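Student: Generate coordinates for the entire structure from the input sequences, incorporating the hints supplied.
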Amino acid sequence: MSEFRNLLGETIERLLADHATKETVQGAEEGTWPEALWSALEENGLTRLMASEAQGGAGGTWGDALVLLRAQGRYAAPVPLAETMVAAWLLSEAGLDVPDGPLTLLTGVTLNDDGTLRGTALHVPWGRKAGVGVAMVEKADGKVHMVSVPLAGAKIAEEENIAREPRDTITFDSHTVTSAPCNLTEGLETWGALMRVGLMAGGLDYLLTQSVEYANDRKQFGKPIGKFQAVQQQLAVLATQAAAAGAIAAHACERAGETDDPGFEVAVAKTRIDEAVNLSTSISHQVHGAIGFTYEHGLHLVTRRLWSWRAEYGSGRSWAARLGRQAIERGADALWLDVTAR
Amino acid sequence: MQTFRFDPCRLPPEAEALRGEVREFLSDALTDIPPVVRAQTWSGYDPEFSKKLGAKGWIGMTWPKKYGGHERSALERYVMLEEMLAAGAPVGAHWIGDRQSGQLLLRFGTEEQRQMILPKAAKGELLFCIGMSEPDSGSDLAATRTKAEKTDGGWIVNGTKLWTSNAHNAHYMIALFRTNFDPDNKHAGLTQFLVDLTIPGITIRPIKDLTGNAHFNEVVFEDVFVPDNMMVGEEGNGWTQVTAELAYERSGPERYLSSFLLLTELIRELGRTGDTSADAEIGRLVAHLVTLRQMSVSIAGLLEAGENPIQEASVVKDLGALYEQELPVKAHELAGVEPMLGTGSDYAQVLGFLTQASVSFSLRGGTREILRGIIARGLGLR
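Protein sequence lines correspond, in order, to chains A and B.
For the first sequence, this note's numbering assigns the number 1384 to the initial residue and increments by one for each residue that follows.
For the second sequence, this note's numbering assigns the number 43 to the initial residue and increments by one for each residue that follows.
Calculated directly from the structure, the hints in this document are not laboratory data.
Bear in mind the structure is a predicted one, so any value in this text is a computation, not a measurement.
We put the beta carbon where it would ideally sit given N, CA and C, even for glycine.
There's no promise every hint is true.
Said to hold, decoys possible - In silico SDA-like links for lysine to any residue, alpha-carbon gap of 25 Å or less:
#  : chain 1 : residue 1 : chain 2 : residue 2
1  : B       : Lys228    : A       : Gln1612
2  : A       : Lys1606   : B       : Gly422
3  : A       : Lys1602   : B       : Leu204
4  : B       : Lys372    : A       : Leu1662
5  : A       : Lys1610   : B       : Thr409
6  : B       : Lys372    : A       : Glu1712
7  : B       : Lys372    : A       : Ser1698
8  : A       : Lys1610   : B       : Ala185
9  : B       : Lys372    : A       : Arg1705
10 : B       : Lys94     : A       : Leu1720
11 : A       : Lys1610   : B       : Ser404
12 : B       : Lys372    : A       : Asn1661
13 : B       : Lys372    : A       : Ser1665
14 : A       : Lys1610   : B       : Gln353
15 : B       : Lys162    : B       : His213
16 : A       : Lys1610   : B       : Arg410
17 : A       : Lys1606   : B       : Arg424
18 : A       : Lys1606   : B       : His213
19 : A       : Lys1610   : B       : Gly180
What the hints assert, rightly or not - DEER-style ranges, computed between Cβ atoms:
#  : chain 1 : residue 1 : chain 2 : residue 2 : range
20 : A       : Leu1720   : B       : Lys107    : 31 to 41 Å
21 : B       : Asp224    : A       : Thr1404   : 49 to 59 Å
22 : A       : Glu1596   : B       : Ala97     : 50 to 60 Å
23 : B       : Asp226    : A       : Asp1716   : 53 to 63 Å
24 : B       : Asn271    : A       : Gly1672   : 28 to 38 Å
Tutor: Rendered as structure tokens:
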């Protein structure tokens, strides 16, 4: 790992340990915006990590971003760090201005002939808090444009997912936007999926450390439950799932930093991590017993996010169907060539 | 506590260059071998093929040149191995020697042993087996009872090794014998020996497995004399030495690619029938394949860096065996045909072989339960 990534890791870890406590996360679920946390992230330049240096960012890659995503996932930090970081990168890639404050991503919108925006964007993360939304829209000429739209005048219906994260519905009629053609070969769903992949890898790291710690502390039948083989074997399975998730998240992010078509790796990662989430959330709750089912305990702050994130920007199965179709169409003898070519 | 890190490892250009060379060789060498035979991959025994690989310089690739090796990197060797396995090359004859016995001798063997053994092994002319399990010692290796008792100039061995793959074809066994018994420390008093299998007193009896093949054996030692200079490493250090081998034994691409030929045959079958209902399941299997490969390559990177990633190897072997065992089940679900022996389509025959053979994949080289125990230890639970 590079020195830069070590520094990033130390910085985010310190900020989150200070400002993303269980109380902060639970407060956010009641609607309290964690201003101290957000300011700290902004002041340290982390929300602009991936924006170009010309745009006031650090020019960080997806590999660098993974350090922040994993940390955010581990702490269940209740702010649009991931969305703002990725939106800033997208704007910067298209040479558009990167505004201050929280940003978000929009899907499901199109451009009118006069260049204004219309359509209904569903499940917009943190829509109510974001100053600007970013969309990728195909124009009549077939070219994909990056679109930046201020959300101040938009009609926002507030909704939330089961992790109580804002997932708003935003309706556009003929909103004025700034746009520019962009050369990215992958669409917003791919980048959104990769963002969730990084967060989920971090969430799984948390489930593993938290479950092992609990199993070592909690005593039944006169000894820590982690001394029972049945529990050890379950935790070992959890460890293998977290390891697989971390490995494929790292691979997909490295590829996204090195090539402009990481669609294959993102599909693989979203598919694989979806399954890791299913197994791992189940094991971690089983190990925690009833206490993990209480609101007071922090475990669910991560498991409820994982259950939400696995469905966002394409479920594992929807990505898998694309991968499978591609594999069958390319044919049996191309499979190994394709796998080793990447 | 420890969490397992699988940092991405980029294969170097020389390894990718070698990939092309290996593919070219295999496209020729495997032409006449049908899929059901190729499905045996690293349990497929073909000594002539092994000699061909020796001549290409693809056995003992990382060993020093003075012992007949080729001083290439662990990552080049990795690429050669994964290409062999993905193509279903019959690499079983020299597999054990290339994977671990050579490494063992390089690390713990005497100069005499290295000079005597390694150059021939690198040519694919000298084959190994590993004598660890016994009738009362399977996963519990410390229960080893086969006894080596000191005598003038050597050791007298009595006992039985069991499930010894390829003993009937091998020239030498790397054997673990008990040289001392301490009831309070069963891990002590174990010693490794290099045993010439032509020595009088050794009886090798093949054991037919449920597929009808006989690749593993019972090896009985009756007053077998093993000379002093065939001891490997230090007396009583066997447990430590065997543990050092485990990272090699459990970390390779063979731990997730054993059923790979069934995936390609399944995709061929679905392409032929035009069935699209299996798309998502095939995609899922591809996603697992890519993930396991990245984890496996990452371990190769750790080995190249001189680390001993036994924990990470256990993670990949556990996930890999689940995958190898899931493939025949999924194939049955997605394109169910009756698995056949000797006749029928290539698909039906490959499915037939792997449906039967795959139950052993989570037994050989460390059972699933043992691996998970190792992982749990790494997590600080034991």
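Student: Determine which of the earlier numbered hints do not hold for this structure and return their numbers in increasing order.
Tutor: 3, 18, 24
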